[in-house]
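**Student:** Read off the chains here:
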Amino acid sequence: MKPSRHQAPLPLDRLILEAGTAGAGDTMELDVCIVGGGPAGLACAIELARLGKADGTELAIGVLEKAEALGEHNLSGAVVNPRALRELFPDLTDADFPFRRPVDHEAVYLLTSGSQIRLPTPPTMQNHGNYVASICEIVRWLGTKAEALGVNVFTGFPAASLLVDGRTVTGVRTQASGLDRDGKPTSSYSAPNDLSARVTALAEGTRGTLSQAYLQWQGVGSENPQIFALGVKEIWETRKPLDRIIHTLGWPLPADAFGGSFCYPLEPNLVALGIVVGLDYSDAALDIHVLLQRLKLHPLFREYLDGGELVEWGAKTIPEGGYYALPARRSGEGVVILGDAAGFVDVPSLKGIHYALQSGIYAARAIFQALKAGAPTAERLAAYDRMVDGSYIEKDLKKTRNMRLAFKDGFYVGGVKAGLMTLTGGKLLGGKIAVHADADTERTITPSVATPGAPRGSDRLVVSKVDAVFKSGNSTRDTIPSHLIVGTDITKEVADFYSHVCPAGVYEQVDGHLRVNAPNCVDCKATDVLGPRWTPREGGSGPKYKRM
Amino acid sequence: MTTILAVCEQRDGVLRKVSSEVVTGARRIADALGAEVEALVLGSAPASGSDLLGSFGADRVVTLTADGFGAYAPEGYAKAVAERAKGAAVVVCAATAQGKDLAPRIAARLGTGLAADVTEVTAEGGALVAVRPVYAGKALLRVKLTGQPAVLSLRPNVFTPVQRPKAGAAQTVAVPLSAGRVTVKEIKAAEAGALDVAEAPIVISGGRGLKEPANFKILEDLAHAFGGRAAVGASRAVVDAGWRPHADQVGQTGKTVSPTLYVAVGISGAIQHLAGMRTSKVIVAINKDKDAPIFKVADYGLVGDLFEIVPALTAAVKSLA
Amino acid sequence: MKIAVCIKRVPDSETRVKTAADGKSLDDAGVKFILNPYDEFAVEEALQRKEKAGAGEVVVLALGGPAGQETIRTALAMGADRGILLQTDAVPPDAFVTAQAIAAELKAGGPWDLVFFGKMAIDDYNGAVGPMVAELLDLPCVTAVSHLAIEGATVTADREIEGAVEVVRCALPAVLTTDKGINEPRYPALKGIMAAKKKPLDVKAVALAAGVIEVLEMTPPPARKEGKIVGEGATAVPELVRLLREEAKVL
Numbered sequence: 001m002k003p004s005r006h007q008a009p010l011p012l013d014r015l016i017l018e019a020g021t022a023g024a025g026d027t028m029e030l031d032v033c034i035v036g037g038g039p040a041g042l043a044c045a046i047e048l049a050r051l052g053k054a055d056g057t058e059l060a061i062g063v064l065e066k067a068e069a070l071g072e073h074n075l076s077g078a079v080v081n082p083r084a085l086r087e088l089f090p091d092l093t094d095a096d097f098p099f100r101r102p103v104d105h106e107a108v109y110l111l112t113s114g115s116q117i118r119l120p121t122p123p124t125m126q127n128h129g130n131y132v133a134s135i136c137e138i139v140r141w142l143g144t145k146a147e148a149l150g151v152n153v154f155t156g157f158p159a160a161s162l163l164v165d166g167r168t169v170t171g172v173r174t175q176a177s178g179l180d181r182d183g184k185p186t187s188s189y190s191a192p193n194d195l196s197a198r199v200t201a202l203a204e205g206t207r208g209t210l211s212q213a214y215l216q217w218q219g220v221g222s223e224n225p226q227i228f229a230l231g232v233k234e235i236w237e238t239r240k241p242l243d244r245i246i247h248t249l250g251w252p253l254p255a256d257a258f259g260g261s262f263c264y265p266l267e268p269n270l271v272a273l274g275i276v277v278g279l280d281y282s283d284a285a286l287d288i289h290v291l292l293q294r295l296k297l298h299p300l301f302r303e304y305l306d307g308g309e310l311v312e313w314g315a316k317t318i319p320e321g322g323y324y325a326l327p328a329r330r331s332g333e334g335v336v337i338l339g340d341a342a343g344f345v346d347v348p349s350l351k352g353i354h355y356a357l358q359s360g361i362y363a364a365r366a367i368f369q370a371l372k373a374g375a376p377t378a379e380r381l382a383a384y385d386r387m388v389d390g391s392y393i394e395k396d397l398k399k400t401r402n403m404r405l406a407f408k409d410g411f412y413v414g415g416v417k418a419g420l421m422t423l424t425g426g427k428l429l430g431g432k433i434a435v436h437a438d439a440d441t442e443r444t445i446t447p448s449v450a451t452p453g454a455p456r457g458s459d460r461l462v463v464s465k466v467d468a469v470f471k472s473g474n475s476t477r478d479t480i481p482s483h484l485i486v487g488t489d490i491t492k493e494v495a496d497f498y499s500h501v502c503p504a505g506v507y508e509q510v511d512g513h514l515r516v517n518a519p520n521c522v523d524c525k526a527t528d529v530l531g532p533r534w535t536p537r538e539g540g541s542g543p544k545y546k547r548m
Numbered sequence: 001m002t003t004i005l006a007v008c009e010q011r012d013g014v015l016r017k018v019s020s021e022v023v024t025g026a027r028r029i030a031d032a033l034g035a036e037v038e039a040l041v042l043g044s045a046p047a048s049g050s051d052l053l054g055s056f057g058a059d060r061v062v063t064l065t066a067d068g069f070g071a072y073a074p075e076g077y078a079k080a081v082a083e084r085a086k087g088a089a090v091v092v093c094a095a096t097a098q099g100k101d102l103a104p105r106i107a108a109r110l111g112t113g114l115a116a117d118v119t120e121v122t123a124e125g126g127a128l129v130a131v132r133p134v135y136a137g138k139a140l141l142r143v144k145l146t147g148q149p150a151v152l153s154l155r156p157n158v159f160t161p162v163q164r165p166k167a168g169a170a171q172t173v174a175v176p177l178s179a180g181r182v183t184v185k186e187i188k189a190a191e192a193g194a195l196d197v198a199e200a201p202i203v204i205s206g207g208r209g210l211k212e213p214a215n216f217k218i219l220e221d222l223a224h225a226f227g228g229r230a231a232v233g234a235s236r237a238v239v240d241a242g243w244r245p246h247a248d249q250v251g252q253t254g255k256t257v258s259p260t261l262y263v264a265v266g267i268s269g270a271i272q273h274l275a276g277m278r279t280s281k282v283i284v285a286i287n288k289d290k291d292a293p294i295f296k297v298a299d300y301g302l303v304g305d306l307f308e309i310v311p312a313l314t315a316a317v318k319s320l321a
Numbered sequence: 001m002k003i004a005v006c007i008k009r010v011p012d013s014e015t016r017v018k019t020a021a022d023g024k025s026l027d028d029a030g031v032k033f034i035l036n037p038y039d040e041f042a043v044e045e046a047l048q049r050k051e052k053a054g055a056g057e058v059v060v061l062a063l064g065g066p067a068g069q070e071t072i073r074t075a076l077a078m079g080a081d082r083g084i085l086l087q088t089d090a091v092p093p094d095a096f097v098t099a100q101a102i103a104a105e106l107k108a109g110g111p112w113d114l115v116f117f118g119k120m121a122i123d124d125y126n127g128a129v130g131p132m133v134a135e136l137l138d139l140p141c142v143t144a145v146s147h148l149a150i151e152g153a154t155v156t157a158d159r160e161i162e163g164a165v166e167v168v169r170c171a172l173p174a175v176l177t178t179d180k181g182i183n184e185p186r187y188p189a190l191k192g193i194m195a196a197k198k199k200p201l202d203v204k205a206v207a208l209a210a211g212v213i214e215v216l217e218m219t220p221p222p223a224r225k226e227g228k229i230v231g232e233g234a235t236a237v238p239e240l241v242r243l244l245r246e247e248a249k250v251l
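Residue numbers (my numbering), protein chains in the order written: chain C, 1 to 548; chain Z, 1 to 321; chain W, 1 to 251.
No lab work stands behind these hints: they were computed from the structure.
Owing to the predicted nature of the structure, the values given are computational and were not obtained by experimental measurement.
In this text, a Cβ means the ideal position worked out from N, Cα and C, and glycines have one as well.
No incorrect hints appear here.
Subject to a maximum C-alpha distance of 20 Å in a straight line, what follows is the list of computed PhoX-like cross-link-like pairs (lysine-lysine):
(1) C:Lys471 x Z:Lys296
(2) W:Lys32 x C:Lys145
(3) C:Lys145 x W:Lys198
(4) W:Lys249 x Z:Lys318
(5) Z:Lys296 x Z:Lys138
(6) Z:Lys296 x W:Lys228
(7) W:Lys197 x C:Lys145
(8) Z:Lys138 x C:Lys471
(9) Z:Lys255 x C:Lys471
(10) Z:Lys138 x W:Lys24
(11) Z:Lys17 x W:Lys249
(12) Z:Lys288 x W:Lys228
(13) Z:Lys281 x W:Lys228
(14) W:Lys225 x Z:Lys281
(15) W:Lys107 x W:Lys2
(16) W:Lys32 x C:Lys471
(17) W:Lys24 x Z:Lys144
(18) W:Lys18 x Z:Lys138
(19) W:Lys228 x Z:Lys290
(20) Z:Lys255 x W:Lys180
(21) W:Lys18 x C:Lys471
(22) Z:Lys138 x W:Lys32
(23) W:Lys249 x Z:Lys281
(24) Z:Lys138 x W:Lys225
(25) W:Lys225 x Z:Lys290
(26) C:Lys53 x W:Lys198
(27) Z:Lys296 x W:Lys225
(28) Z:Lys188 x W:Lys180
(29) W:Lys197 x C:Lys53
What follows is a list of derived Cβ distance ranges for each label pair:
(30) W:Val203 x Z:Ala167: 52 to 62 Å
(31) C:Arg515 x W:Glu57: 44 to 54 Å
(32) C:Arg460 x W:Pro220: 16 to 26 Å
(33) C:Glu237 x Z:Lys288: 31 to 41 Å
(34) Z:Arg229 x C:Pro254: 49 to 59 Å
(35) Z:Glu124 x W:Pro220: 19 to 29 Å
Using the sequences and the hints, build the whole thing.
**Tutor:** Structure, rendered in structure tokens:
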């Protein structure tokens, strides 16, 4: 079963609109419109506002964030490299940053179903000098800094379409809200808004819809297609304190799946724990949420979690294609693409936040210069690409360019290849390894060989998908119209596959048909990668992460 | 002798049941402080049922009358009670719709604070200590009332009336007060027909275990057996499937209900459903899966086939009537 | 029409409630604060009344810590004209103390045609400040209004009572506290959010009386008593009924 055969294409006719197309209620003009209030978007806003102030120019900067409040749709491990924050705030010290604790001890284990083998920490995973943090807290902190600098942060406003004039991006149109299940306006209807801007910065995060639309529309390719992993994460209050960050490989992932788990103490008794699995796995019945539930029962984790309480749950995909999956250009006429939306994530070190922040800083500088020269043209905005290409972002991603890709040959062969690459700094096995897009990877449906199912629901450590969605803070109204575009020929097997792909229980196979529980969606984007296409829903809906 | 004022409530000349709870609460306070209970009724004439207040501990039952007092008169009542409360140690109201409106007015007239919606009250060293739920019942606040008089309102259905017979000497006092500037023009009775899930004292909810929409009839039969006091609710799953209207949905994205009795039939007990009914006084769960999470919150559980259990329960309830 | 709306910054209803180290208050680490939902109805009603009258001013008033400014800005983004924050370290547990401070400020800034409050705050569940302020200002007051009609200077308000709807009348000027059902609060528009930053917001320090309510402690509610499986199948029904009658006393 090849997922791409059943997927709908990106609805470009909806995502790219000629400026002036009817349908908008209010309009607003900005100098810069930033889509996405995450680390990349906010860093861009902050740097831009500061450059403007220093120059005596007042720039109208707007950040559009689809969540009801900053941070609510952000999720990460996270262990953060502080260098980008230091550059963004040269007058502050690490103690001022919204980090939780520096990394003291770390351990890497290879798990088997009943025990663990301690491994030497691979060089790519050395985290000394880095900090355990919650991305939600970082984002909220950045938000207050941005607002203090006069940036307009508009929460509850998803960008639904790019507005264009010829090849130039002239702004965005936001999503309408208050529609009923059939798409008809209710009494609380709010029309879309058009925001026109001289430069639009797309900082939508992983699998950004408008970013994909722009690249497809303008035919901007990359050497490899972007590939993704799905991370499912929980935060637990624990009885037993944890004093180190932990990464694991091996069990419970099947041998052909790439990924592992992480366990970070935000506080000694407040632990962030998650599993990350590449979406190119071959077993159609693999369920990553279920893998996390099994992981928690392993003695290594059980020791901490027993007697504790699950406080939050969430999920998000991570772009894993690295260097070869970066779009050939991340700038164009009136537009730049930042952060995860561009694919600036280094999988072997599990880092993306500081690259996102750094890309935001570079984008701001390029945008500022372009605006000063009176011409936010592709040529001028290409300075952003040059800055990224000449920076540690490119250097780091290039060094590990094949590490993740090597694992398409399986865990052990991949491990050997990865080891060789690390030892030789990327010189050995440095030629590009080609990969397919996840949706183009064949899946096996083997009903006789059941992937171990969910552990017994009555174990206190295990949470069902329905309850997990509750713990994500999602209370989206039941009557919201579905934002998911289902493709064709959805057989029983495809419906089953979707029900396993989605960690939030959006999809169920009922009597051979696909049932879509759209309000459950937590915007992880796994569906967009492997199944029904994701489009923005009304502002403020979705999860409400607090410390994820 | 210090006085504890118990502000009772009448509607259409008939004393409301909650009045016996107020007197019970006042009696408890009076016993702790060595005081007397004066039950206060306001109306255009003595209300029927006032004679029973003595049995719950009222030393006196005083009816304050005025022409405009037949229906609830917020300003007139507040003035009358505040006047009567001069010299009293404590004023107790019920946290009913009327009491929630009246109690703050009384307190402000007396120039003092109010402990509202109290679930427990004791005296400690001569001062009243009350417990009240806050944050939608997610926490309890213990507060000391240091004012004179102390003004409180009691949460209904908590201070179960207790027989503590006292004299209950009746008095009627005409007060020279008008209704005031705020008057009740009309009382519109609720529409006849189905009781709203959020209002009903008994809620029978069904989930996917019912298998088909038509099977909800067995829950409706059970609801009827309770004689107009029960409503039929639904889990999110069956509302999403179109079997029941959204107005009947109990849960985080539906209605929050707090009935005296909640019966969950064929409902597994997802947290988002529990969020809508976990403050119910008594929870009964009927489910064929003994590991269903609903059994962890239910006070009483029956494991088995709901298609056998529910009709049997309906018959049993009918035979009680 | 000169309208005042009194609002409160409260923790979001989904907050996981934990007691702070002092044993008496909410641990606000990571808590999301919002405009009290019942106050949203109040702000919306005020805006609609001003719009119906064609002219006027809607002033938003809050009492609390400095973060209250954000909450006031939310109301300004909805369309209110200006805001006042009576700044204090802690919101007093005694609603009468709050009422006195608010009444004093309203008196100084009056006269008002209408003063709106939400019927209660979702943190303390008191529902007292509105009617207390009305008493202090000697204005007629109707609480928990779920439907409002104003004709000339006559107010006709519906309020829900047990099993019925009470229709109440009074004259303007009046204090009204709003309940669900009175209107559908508008979402702030983009332009409203931007404009809110420039609207006047006065921050005034207030001295508060001590009050008569003293918080001794805040605790979690008692855990529900362990339930029991009464039995299996229809044969267990008689036992269930017996327990519901004799033990739980609900039948």
